[in-house]
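Model the placement of chain B on the given structure of chain A, informed by the hints.
Listed here are the chains, written in short residue letters.
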Amino acid sequence: MSPAILLAQSKNHYSISGTIKDKATGETLPGATVSFLQLPGVGVAANSYGFYSVSAPEGSYILIATYIGYRTDTLYVDLKGDLQQNINLEAGFGLKEVKITGSSSRSNNILTAPPGAQKLSINDIKNVPVLLGEKDVLKTIQLLPGIVAAGDGKAGFFVRGGDADQNLILLDEATVYNASHLLGFFSVFNSDAIKDILIYKAGMPADYGGRLSSVEDIHMNDGNNQKFGVSGGLGLIASRLTVEGPLLDHNGSFIISARRTYVDAFTGLAADSTIRKTKLYFYDINLKGNYQVNKNDRVFLSGYFGKDYLQLKQGNGIDYGNSTGTLRWNHIFNNSLFSNTSLIYNSFNYNTHFQSSTNNITVGSAITDYHLKQDFNYYLNSNNKLDIGLESIYHVTQPGAATTSQTSNYNSIVLQKKYSLESAVYISHEWKATDRLKLTYGLRVSDLSVLGPGNFYTYDAAGNILTNTDYSSGKIVKNYINPEPRIAASYQLNDSSSVKISYDRNVQNIHLLNNSTATSPTNVYLPSTNVVKPEIADQFSIGYYRTFHQNGIEFSSEIYYKTLQNQIDYKDGANLVGNENIEADLLFGAGRAYGWETYVKKKYGRLTGWVSYTLSKSERKINGINNNNYYLASQDQTNHLSIVGMYQASKRWVLSADFVYNTGTPVTYPEGKFSVDGSPVYAYGDRNSQRLPAYNRLDLGATLYVKKTRRIESSWNFSIYNVYGQSNPYTIVFQADPNNMNRTQVQQTTLFKMVPSITYNFKF
Amino acid sequence: MKNRNVFFISASILFAFSACTKTITPTLNNTTQLVIEGAISDTTGPYHVSISKTADFYSDNIYPGVSGATVVITDATANVTDVLTEATPGDYITHTITGMPGHAYQLRVTLDGKTYTSISTMPQPVLLDSVTMDYSVNNNFRPVANYQDPVNQKNYYKYSMKRNGIHVNHFQTFDDRLSNGRYIREKLDCDTGTFHHGDIVNVSLVGLDTGAFNFLKEAEAVAYDNANLAAPATPTSNITGGCIGYFSAQTVSSKATMVQ
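Chains as they are written, first to last, in this note's numbering: chain A, 48 to 811; chain B, 142 to 401.
If we strip away everything but chain A, and leave its shape as in the complex, we get (with noise of 0.2 Å):
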């Protein structure tokens, strides 16, 4: 032990405490560090808020603040009882860096962070090339191991081989149902607004639950409390406005920030006349703004509104969106217990619109969470934080409701509303048991209560009810309690390397039914009911992580395990629209995923970027499915590489590219042929026994910053997205042939064989 450690033992102790901010916008930096110059191994992370508390020997200090991006601050602090000190950093310019002490200069989180944690700033995505130019966080962080894209066109991603349902998508707290727009084709977030996004892969802490493959959790911006701005760009198919500024003599602030497509003005130049008369585009809206209180009080309210709409010029057409609202309340209560207190409302609903002469049919369903989430962070000493936490979420859904016209081939109808009451408390000791062995350790136990009012039906194996029960309102017709451990070690093996190893358990009550390939969002969430069970996962995942260079070079490998329990899957010919009787359409069974994951990233310098590579396996076992036998998930990619660099060329140039290699995913082909009043049919062979093609891609892009003023900042960034054109597949058509009646064969489209895109950003 040091001297510094010895000498601290005879010591009164005290803490520090504070709020780490940027120094130019108030912006508060989540995950920044703060640690002692003369106490090596002390130090603490700030929470989501940017709050910090840490506490050491009475005595003087040089405390040292990091944050990735920023100028490192150091502060002469002398400790003589408890102690308030508020923080604020200054963004770093680019390439230079500036060093105190070596390396303790530059974050090393990655030795520390849980396993399977990963964090990305705004600043960390924004030269990623992308398709069409939008900056898009949730596409930026499928270039990172273990989570992988659906495809070209297809809306959703994959976490370590779990379903694109499992992936619980949050902003500032509240739960993102739906995060594609335009049929996947960009994510619902937009990157102006947003500040950072947190990943948990592995080792989710026990605050986060409902969800069993990953936690993307993502932080609006506060907005600039110390001047107003606007900010914004211009592209090929959408264009985006931020206004922020504070309010009220700088003890608040807000940010308004929007977006809004325009495709269907190039839809309009087209020759086709149903094209022509089209109606595409998407709008969201984020809206926040918070208010300091007092010292020791804060209070946030941030929004979200999207809508899309995809209408054809008969009438034909599909809108849906989400909408969220989180009002927070951060409470200091003393230096060293910080409470938050949030309450949310979420929903998201979709319609789909048919219209003819005589047949005016809307299908609609929705699903809407009331949320009361109240979390405590507790700092007991230098070594043990506990936080502790409950929360509340009342799901109401409505699985389908379709209104007709009077003409319309089909009845109006309205399925019963699905209620349930998903709560959680949770209890998390995170403990630094030596200098190099970090501890976290909690139990979260949720429960589901299904909710009447409303009839809940059981079915034989083939389907037919068998019982029928009418449950009168707020009656509990099942209750699923499920314990759920997380624990997560770091053992630092020395300065520049650590093991990380965790276990956890994640439990899932709102399953996503969706049995087409079409990037639709004609999904119905179904809660946990009497038939359908929670789903369960259990993860064990280990890792080697080292630094090099001074912290300049990130080196991580990890390998995890994952089972999973009452997987979803669907009969043969499943109805899931406008169905009472849903769960006799589906079937049942269990999963397994594993896999081992390589990551280097260069921090620092004038190239920075990042090599991931993932060999993975996902499967299925779902009783009535190939035999019973364990088959590949459709999501499984055996191999999956992405190369990812930026380069700043000059001081106004930057340039980047990123280069995606993944085997094909599973799919199942025809063995064979036979006809049905003429027309071939086709006898397919086991699911998921051929494989895609191998998919693979690169991008390029370039920034060019024009004016950087202190008044005006412009650049112009150009991409382009599958330079080399590769003809990577969206769907696959076994078809008759058009040109011979006695043939039949095979069609693949592709989507995007080299698009090009000019976007002009400005900040003034």
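I should point out that these hints are in silico values taken from the structure, not numbers from a laboratory. All the pointers check out, no bait thrown in.
Computed list of chain A residues with no C-beta within reach of chain B, every gap over 10 Å:
#1 I169
#2 K274
#3 G336
#4 F423
#5 S543
#6 I615
#7 Y677
#8 Q695
DSS-like cross-link-like pairs, simulated, lysine-lysine; straight-line CA separation at most 30 Å:
#9 A:K70 - A:K166
#10 A:K242 - A:K342
#11 B:K163 - A:K326
#12 A:K326 - B:K328
Just so you know, even glycine gets a beta-carbon here, dropped at the ideal spot from N, CA and C.
Chain B in isolation, oriented as in the chain A frame:
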């Protein structure tokens, strides 16, 4: 409710920027399987049962007939049995049996020591009111089937079409799960340019039972919409014993019109 077209079209608009389609030839396994298809209807016989083998996907649409099977159809309600004879290789025809609504029919095929059986009950007939034409899309005139769905029963349908007396290779299914008791005006899908001015269009409304309908509904999705199926699979047969195909006791109501 078919909403796939909406997504296809909106997707194709967006993809107009750079989407492209090409013919590919992925390697496919080839497993030959037995296919049995048979129907008995309330129209006059003889009725046919065809037994064939599946063909390789990349070969011509020629499905070799299977000879030498013993094929028996029994009217379980009236207790009448008809032993079919093989008219041409793989095509077996009835002699005496007649189709009656409400009667249950059993198909029994014995081939190479294996037995394949199925039971299908003929539903009560639903009559087609009229056939009209939809001219709203240039060069894709589509027949419209007009009829009243009866409110007191579950109904399963198949539509088939003839152009100038020649069968059009396109079938379509419909059921009244979300339409019970409605007056149905159903536009029938067909390939662009199938019907022209002056053509005589004949539409048949075929009433099915559940087992035959489920097979045909899945067959329709596989034949015309396989790219959108997350997990395409061989349609579920209502014949036991390990073969593809279906046996249907069905009602047929036909009407004709001329394309203007």
